[in-house]
Every structure is written in structure tokens, then in C-alpha cells.
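Residue numbers (my numbering), protein chains in the order written: chain R, 6 to 370; chain E, 6 to 370.
These are computed hints drawn from the structure, not numbers from a lab.
Note that beta-carbon positions come from the ideal geometry of N, C-alpha and C, so glycine has one too.
Watch out, some of these pointers could steer you wrong.
[What the hints assert, rightly or not] Computed footprint of chain R on chain E, listed as stretches where at least three residues anywhere in the stretch have a Cβ under 8 Å from a Cβ of chain R:
{"#": "1", "region": "6-18"}
{"#": "2", "region": "302-310"}
[What the hints assert, rightly or not] Which chain R residues stay away from chain E? Per the calculated CB distances, all over 10 Å, these:
{"#": "3", "residue": "R72"}
{"#": "4", "residue": "F84"}
{"#": "5", "residue": "A96"}
Number of protein chains: 2
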Amino acid sequence: MQLTSPVAPGGTIGILGGGQLGRMLALAAARLGLKAHVYCHDANAAAFQVCDRHTVGEFDDLAAIARFALSCDAVTFEFENVPAATVEHIAQFTPANPGAGALRNTQDRLVEKSFITSLGVNTAAFFAVDSEKTAREAFAALGGPGVMKTRRLGYDGKGQAKVASAEEAVRALDSFRHAPAVLEAFVDFFYEASIVAARGVDGSFAAYDPPENIHEHHILRRSIVPGRLTPAQASEATIIARTIAEALGYIGVLAVELFVCRDGTLLVNEIAPRVHNSGHWTLEACTVSQFEQHIRAIAGWPLGDPVRHADATLENILGGEAVDWAGYARRPGALHLYGKSEVRPGRKMGHFTTLGPLTKPPRRP
Amino acid sequence: MQLTSPVAPGGTIGILGGGQLGRMLALAAARLGLKAHVYCHDANAAAFQVCDRHTVGEFDDLAAIARFALSCDAVTFEFENVPAATVEHIAQFTPANPGAGALRNTQDRLVEKSFITSLGVNTAAFFAVDSEKTAREAFAALGGPGVMKTRRLGYDGKGQAKVASAEEAVRALDSFRHAPAVLEAFVDFFYEASIVAARGVDGSFAAYDPPENIHEHHILRRSIVPGRLTPAQASEATIIARTIAEALGYIGVLAVELFVCRDGTLLVNEIAPRVHNSGHWTLEACTVSQFEQHIRAIAGWPLGDPVRHADATLENILGGEAVDWAGYARRPGALHLYGKSEVRPGRKMGHFTTLGPLTKPPRRP
Chain R
6 MQLTSPVAPG GTIGILGGGQ LGRMLALAAA RLGLKAHVYC HDANAAAFQV
56 CDRHTVGEFD DLAAIARFAL SCDAVTFEFE NVPAATVEHI AQFTPANPGA
106 GALRNTQDRL VEKSFITSLG VNTAAFFAVD SEKTAREAFA ALGGPGVMKT
156 RRLGYDGKGQ AKVASAEEAV RALDSFRHAP AVLEAFVDFF YEASIVAARG
206 VDGSFAAYDP PENIHEHHIL RRSIVPGRLT PAQASEATII ARTIAEALGY
256 IGVLAVELFV CRDGTLLVNE IAPRVHNSGH WTLEACTVSQ FEQHIRAIAG
306 WPLGDPVRHA DATLENILGG EAVDWAGYAR RPGALHLYGK SEVRPGRKMG
356 HFTTLGPLTK PPRRP
Chain E
6 MQLTSPVAPG GTIGILGGGQ LGRMLALAAA RLGLKAHVYC HDANAAAFQV
56 CDRHTVGEFD DLAAIARFAL SCDAVTFEFE NVPAATVEHI AQFTPANPGA
106 GALRNTQDRL VEKSFITSLG VNTAAFFAVD SEKTAREAFA ALGGPGVMKT
156 RRLGYDGKGQ AKVASAEEAV RALDSFRHAP AVLEAFVDFF YEASIVAARG
206 VDGSFAAYDP PENIHEHHIL RRSIVPGRLT PAQASEATII ARTIAEALGY
256 IGVLAVELFV CRDGTLLVNE IAPRVHNSGH WTLEACTVSQ FEQHIRAIAG
306 WPLGDPVRHA DATLENILGG EAVDWAGYAR RPGALHLYGK SEVRPGRKMG
356 HFTTLGPLTK PPRRP
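All chains, full assembly: derive it from the sequences and hints.
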């Protein structure tokens, strides 16, 4: 189903997934007078604490999914590993965005990278690997160090291994239990960045200023805006996001993770068809955050102004760091805790944003 | 019960009242990883849409109130007409702030004004009225035009009448069905202002920059910060708020409504022992909003930084104006809709905040 008119205040937004992204989407919907119905397999989902209604269920329980869809005026999801079939099932009853096509093009690294390069946008060189033979061939073709990644279900560095020889490529494939993989050229990047942008039902497009991102152990540690991107690079990043969004007929917020090479080249690392950790600073530094922007887009509302009014540094609160919540509460800045009861190493428990006066003119759309 | 230690993330904040203030308090609690349990007589309360748990009940159902209190780690309220006895009952089980003393001193205009003047803080001249005889005497003592107000349960201009003669004073008392009243001198003020401030469990104090307020038909239309107050007046307003908060042993956010006279004098109009409409702009213009500040205070957390990082204009969306939500959504700025299904004339349906660069240095605590 297509959205034929905007979801009016009082309507219900369905959200698949009840983690911190679903929670912040539900909070953003509330701000606009929209109700949230969150669907998640975890009975203790963080987002359940802040929504009008919730359902505990699996993504492949299509009867429960249909009942959920029928209770909503528009449906979205918080993360890209929702089965595309689930989103297609929902779309029979209720407009669901981003659509199944966006999921199909981003859930599989090989499909994703082929799609990106088909648009004339650069990625690291990549090769499909699904056997010992193709692992060796791919390494030979690459001719240098690379990173083996499973094609599906990777995030925060899971399902990845650096490889410096054909033997290591074979061992990596073994460690993935022979799940289909890609071998990517190792990019000795200068730094990482991302672009978070939105496309509306009417084809309108709005991008936030791209932050520079610092990862530790494959998990985002810090995002800084403005980072080191030049105005020309920021424009290029915006064009990349727009090109991808338009090719996908995308509705909602998407993020494109980028490697910035020493020669100034931008390479796309991956596309996240959803709100993104590196955009959490928009909650304070913009009047319309990425979460509200996403809700606006999938509810058929006009997109909001993405221009930032402050410099910002976002810092994740990971695992046991959350124990010091009182220390964070004493620091000047914006503290967000996600309502997760269980602390696990590296788990995203909250984030902290510090604002400062604008030091460079913000990017205007 | 006193708060002996802060309510840790994962704990539950109880909120009496489920209107827009309760809703925005629940949303602020969520940001800090705290759950909200909202208690309200209205089964369609706006705040029910965004909280972890809710109870439909009356404030005088002390058994239900006790169960509610026992489910919470700290309790607060969204408006000052909660019976002080209800708050006292809760405090037997769970820390409840602001306390019953703050309610007793602000629910009755005569008690409130006597309390304020006892602190050496100025109000308009006022006289108690409870009969035709005292109405005539009060008017004679006043010697000029005044405003008759019921002592209890007034808000947004309800229970008020301008009087220009002893006869009109008597008629006003009749129109109140002889509810006890006060006759106040009519203040030909230059403009209105307010100060929103917080006092923490540890006695710390934090005030927001005082806005200038524009009312229409006794309802707040617009708040502007910075308004026309001079730095000296802003300091005086802050001292007034602090004096009142300390005299009440207050914990939480309070607002003091002020008349700014043509000679520069500040007169206190009334005290609101709660978050206040004229402080809604803090959601965007400060990193810690009045709602989060209130939750921090009543949960025993350190107060947050109240310094604003932008100029702001807050505009209420009243009654039928909410029909044009799509028009508001197209304007650059922050739109908040309260999730109220029923539109009534003058009802507060939402608000809209526009930010601008700082034009004056913001007040620092």
C-alpha cells in the first residue's frame, strides 16, 4: 500500500524493533501527536516503556504481523535485518517504509555493493566468496590485504575478519561456517564519516551536516560535527546519499557510512536504511532530529529543516560505562539513557551530546 | 518520606495528572532511562500514550493512590490543583515533590499572596473578600479599579472579573457563588514575564532566562526570550524565585509569574509549583529542558545546566488552530502536538518554538 495522505495527529505509527532506535522513534512520534505501536520479540524491549501500545512477537509470525499492521496507519522499522518478506506482508495492509526493495538492496553486502557501484558511486573493491576456491581466487584478484565479511547480518564488526593471505581468507570463511561472504579491499582510510539524510513521500530530500566518526573495536565511539570534511566533500556526501535514496525510491531516513581516503576520495562503506547512531546529535543541534525526520517522512508529512544551529559532539555510553550515569548527569550536556536493564560489554546503553557555538557555517540544503 | 538516594535509571517516576505537562514530564523521564507511571482520572489522558504504565483513578481514591505510590520510586504532579492531602498520603510511602507545603501555599490566592509578601517580595495590593460587606470594604480600601479572583481553582483567567465599583465587586462575588475571593489592585503593567527555576534535593538552584509573555484572553499566546527585561530585572526575578523556593523548602521546577511595571518594579502575580507553559522553549533552546530539570530534581539527580544556547519564541497552538497541523509542520521550527483528541476553544493543543542565534549574552547562573 502507498501512503495516499499524511497520517494525521492521533494516528498510529507502527515500529518493528524495540531497541534504542525504536524507542527514540516512538518518542519523536509522540512529539508530533502520533501514537506508537512497537512490535518486538523481546518482552523487555526498551521501546515498550514509551509507546502507546506494544506487541511481543516474532517477525515471521505473519498472522501477528498482519494484526499489528492493521492497527497502524503507517509502519517502519528500526533496523535493517527485518526480513523483507515481513515488510512486504505488512505493505499489503498498511503503507510500510522504507520499502522491501530498500531492505533487499542493503541486507546483503554483495547486492548492496553491486547496487552502489551501478550508480557510479565508489566503494572499496570487492569480490564474492562462497567456497575455498573463490576465497583463493578473490584474494589473488585483490592482490593485497582485505577484509572478509559475511554477506548478511553483520553489524558493529560482527562477521568480519582482516585477512592478509589466501590461507587467512579460507580460514575466515571457515569461521563464518561457510556463510556466503565478500572479500573487500582493505581501505587505509584517513578517517570515517557518514551522511544522514531523508527523502519524503513527495521526493523532497534533506541532509544533515555529515559528521566525522570515530570507532573503537568496530563500535561507534564518537561523532563530531563539523568534522574534517571540506565543504566540497560534504556536498559530495550529500549527492551520494541523494543518488542512493532516489535510486531506491526511498522514503524515510537513511545513513551512508563513508571512508574518507587520504587523497580526499569518498568510498561508501555501507548503507543503513534507517536512523543511525552517528545522527543522534541531531536531537539537540537541530530543531528537527533524525528521528522526527524519519517519522515525518514515513507518515507523509513535509520534511523538517535539517540545518544545525550548533556544533556537536556525540559520545556513546557503552556497556559498564552506564554505571557512572550520575557522573554523566553532572556534566554539562545532553544525557540519553535507553532504559536497558541488562548491561553487556559494548552494548549501547545511552549517549551524551555536548553542544558548542557554530565554528563553521552549517551546510544548508 | 524523604529521598535518601537518587532514583537510578530503570526506576519509576509517578506523575499525577495526564495532560500535556504530565506527557512532557514522562517523555523527559524516558530520556534519562526512567520509567513513568501516570495517574489520571481521564481514561484518554494524553500522557497515557507515552508512559510505561498508567492508572485511571481519582485523586481522592486513597487506596488507589497508595497502590500507585508503592509502584513508584518518586512521585510528582503536573498541576497545582492536586489536593495537598493526596500528596501527603503518597509521601507516607514514596518521596513526593514538590511537597504538600508548596501546594498549601499556592493553591489559595490569599495564602499565596500573604506568603509572598511575608518574604519581602512585592505583589499587587490585595484584600480578602467573603461577603457583600467585605467586598464593599475591600473596594473602598483599594480606592480604584481591581480584579476579583476566587481564592481557589483559578487558571487561564477562570474565576476572575475586573471591577470598577463596589457594586461590581459584589456582583463578581455573586458570580463566584460566594466562593471566598480576593480583590487585587488592577496593575497597569508594562508587560508580563515569568521566571522558571529549579531547586534540587541538595539545595542547589538553577534558573532559566526569564521570558517575556504575551497573553490573549488570559491564555498564554507567546513567550519570547530574551524579552525586554534588563539584566538587573532578570537578576531580581531570579532572586525572587530563589527566595520563594528556599522559603518553601521546594524540590522541583517552579514558575513565578511577574508583572513588569512601567517604573521597572516587578510584582509577583502568582506562583506555579510545577513546570510552566512559558518554559516550553527550553526543550529546544537549552540542553536540559524544564521537564528534564524537574525530573532530575524530584529524582534526586544533580540539576542540569539551564543556560540557553539560542534565542527562542514559543507560540501556543490553541483550540481549532491545531487543525492546521500541516501548516505548522511546513514552517521551520519545532512543532509539538499533545495527542489530545478533542478540540475545544482555547484548549492547549500544542506549541511551536522558533530558534534564532543569540542576540544578547544568555544569563548564567
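>> Taking 8 Å as the Cβ threshold, is the statement that the region 302-310 of chain E is covered by chain R upheld or broken by the three-residue rule?
In response: Three-residue rule met by the region 302-310 of chain E, so holds; n is 4.
> Are there three or more residues in the region 6-18 of chain E whose C-beta lies within less than 8 Å of some C-beta in chain R?
Replying inline: holds (count 4)
> Hey, does F84 of chain R actually stay past 10 Å from chain E on C-beta?
Replying inline: 20 Å, holds
>> If I take the minimum Cβ distance from A96 of chain R to any residue of chain E, is it greater than 10 Å?
In response: 24 Å, holds
> Is R72 of chain R truly not at the interface, in the sense that its beta carbon sits beyond 10 Å from all beta carbons of chain E?
Replying inline: 20 Å, holds
In the structure shown, no violation is registered for any of the earlier numbered hints.
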